[in-house]
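So the sequence lines, in the order shown, correspond to chains A and V.
Residue 83 in my numbering sits at position 83 of the first sequence; the count goes up by one each step and never skips.
Residue 96 in my numbering sits at position 96 of the second sequence; the count goes up by one each step and never skips.
One or more hints might be untrue.
[What the hints assert, rightly or not] Listed next, the stretches of chain V that the computed footprint assigns to chain A, with coverage defined by at least 3 CB atoms under 8 Å from CB atoms of chain A: (1) 5-17; (2) 20-31; (3) 116-130; (4) 137-147; (5) 170-180.
[As the list claims (entries may be wrong)] Listing some non-contacts, in silico: residues in chain V with all C-beta distances to chain A over 12 Å: (6) Ala87; (7) Gly133; (8) Thr159; (9) Pro201; (10) Gln205; (11) Val217; (12) Ser223.
For the record, the hints were derived by calculation from the structure and aren't laboratory data.
Heads up, the beta-carbon is just placed ideally off N, CA and C, and yes, glycines get one too.
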Amino acid sequence: MSIYVYIAAMALTTYLIRVLPMTIFRKPIRSRFLKSFLYYVPYACLSAMTFPAILSSTNSVISGAAALAAAVFTAWRGKSLMTVALVSSAAVLVTEGLLAVLG
Amino acid sequence: MSWKQYAQGLRRGLPVGMGYFSVSFGFGALAAANGVKALDAALISATNLTSAGQFAGLTLLLAGTTLWEMILTQLVINSRYALMSLALSQRMGEKIGVLPRLAIAFFNTDEIFALAMANPEPLTVPFLLGLGGLPFVGWTGGTLLGALAGSVLPGAIRTALGVMLYGMFIAIVVPPARKERNVLAAVALALVCSCLFAWVPGLKQVTAGLSIVICTVAAAAVSAWLFPVKEEEAAD
Chain A
1 MSIYVYIAAM ALTTYLIRVL PMTIFRKPIR SRFLKSFLYY VPYACLSAMT FPAILSSTNS
61 VISGAAALAA AVFTAWRGKS LMTVALVSSA AVLVTEGLLA VLG
Chain V
1 MSWKQYAQGL RRGLPVGMGY FSVSFGFGAL AAANGVKALD AALISATNLT SAGQFAGLTL
61 LLAGTTLWEM ILTQLVINSR YALMSLALSQ RMGEKIGVLP RLAIAFFNTD EIFALAMANP
121 EPLTVPFLLG LGGLPFVGWT GGTLLGALAG SVLPGAIRTA LGVMLYGMFI AIVVPPARKE
181 RNVLAAVALA LVCSCLFAWV PGLKQVTAGL SIVICTVAAA AVSAWLFPVK EEEAAD
């Protein structure tokens, strides 16, 4: 199937999630469970997507682990999104450079 | 249409637009490194305007997936937008009609939502449309440039750029997980679950999209059951 069918499906699903509560279903959600569930979704989802996938996203597990450690450390220190992303990229570059020299 | 309010929206959205530019550069580079055409990568960003959903979508596209798995994954990952749209809808009030809502809803990302809710004045249509303007340009433009750069940059730099999105996800998750025990618990549950799917024989056969969906739903549901959030927290 063409890539455009998939892109259209992604876009349409995402748009419907955003537009329906703003136009048709405008009643506030009363269920505390549902509210809590939706509150936790981004954290659960981003965590599941990041680990352990980050370990196999580079040329070696070592540089993947370095990216993870660098990002967690800078995020823990409260740095901005961009800083964390760049530091984690730099960690990959440096680690893979070192591995190439040593190996 | 009040241009003054539109311009004010644009100004408020500028910092988010710049942030989006850098992050989507990573998305574009990653897509290009995996053989997606630069214009197709930009099309994904221009039509979806969401980081986690697009990233998961790209993973599924590259792995080769069914249309249903793609839709299910997007539904779960982006379900939080429904809550944000509901909250924003109530903040907008009755005066704003259905037609402008069709446009405003498209731009409802985590960051634009936060800006809109934090705006002290009553929300107007031109302001809300202005707010989404630069983040949209930044997100799409960054993806395009990242994809173009990704296809010419040396492999070592491409690999390094590929972890930028993970870096961003970590930057989103770690600060609240550090502050709030309940968020930390949700993160821990999701991590245990995704490790099981990555390493346990049998579970390994489950596709990437489905395992993200299962881990997200399981970790969020268990956390919501064990640690229901207070009213003010859930509205964030």
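Status of the hints after comparison with the structure:
1. Proximity of the segment 5-17 of chain V to chain A, defined as three or more residues with a beta carbon under 8 Å from a beta carbon of that chain, is not established by the 0 residues found.
2. Counting residues of the segment 20-31 of chain V whose C-beta sits closer than 8 Å to any C-beta of chain A gives 3, which meets the bar of three, so the coverage hint holds.
3. Residue count for the segment 116-130 of chain V with a Cβ under 8 Å from a Cβ of chain A: 0. That is fewer than the three needed, and the coverage hint is violated.
4. Coverage of the segment 137-147 of chain V by chain A is violated. Counting CB-CB distances below 8 Å, 0 residues qualify, and the rule asks for three or more.
5. Against chain A, the segment 170-180 of chain V contributes 9 residues with a C-beta closer than 8 Å to a partner C-beta. That satisfies the three-residue criterion, and the hint holds.
6. For Ala87 of chain V, the non-interface assignment is contradicted: its Cβ lies about 8 Å from the closest Cβ of chain A, within the 12 Å cut-off.
7. At roughly 17 Å from the closest C-beta of chain A, the C-beta of Gly133 of chain V stays outside 12 Å, upholding its exclusion from the interface.
8. For Thr159 of chain V, the shortest C-beta to C-beta distance to chain A comes to about 5 Å, within the 12 Å cut-off, and the non-interface label is violated.
9. The Cβ of Pro201 of chain V sits about 15 Å from the closest Cβ of chain A, beyond the 12 Å cut-off, so the non-interface label holds.
10. With a closest Cβ-Cβ approach of about 16 Å to chain A, Gln205 of chain V is found to remain outside the 12 Å limit, as its non-interface label requires.
11. Chain A draws Val217 of chain V into its interface by the beta-carbon criterion, the shortest separation being 8 Å against a cut-off of 12 Å.
12. Not every beta carbon of chain A lies more than 12 Å from that of Ser223 of chain V, the smallest distance being close to 5 Å; the non-interface claim is violated.
Consistency note: the structure conflicts with the earlier hints numbered 1, 3, 4, 6, 8, 11 and 12.
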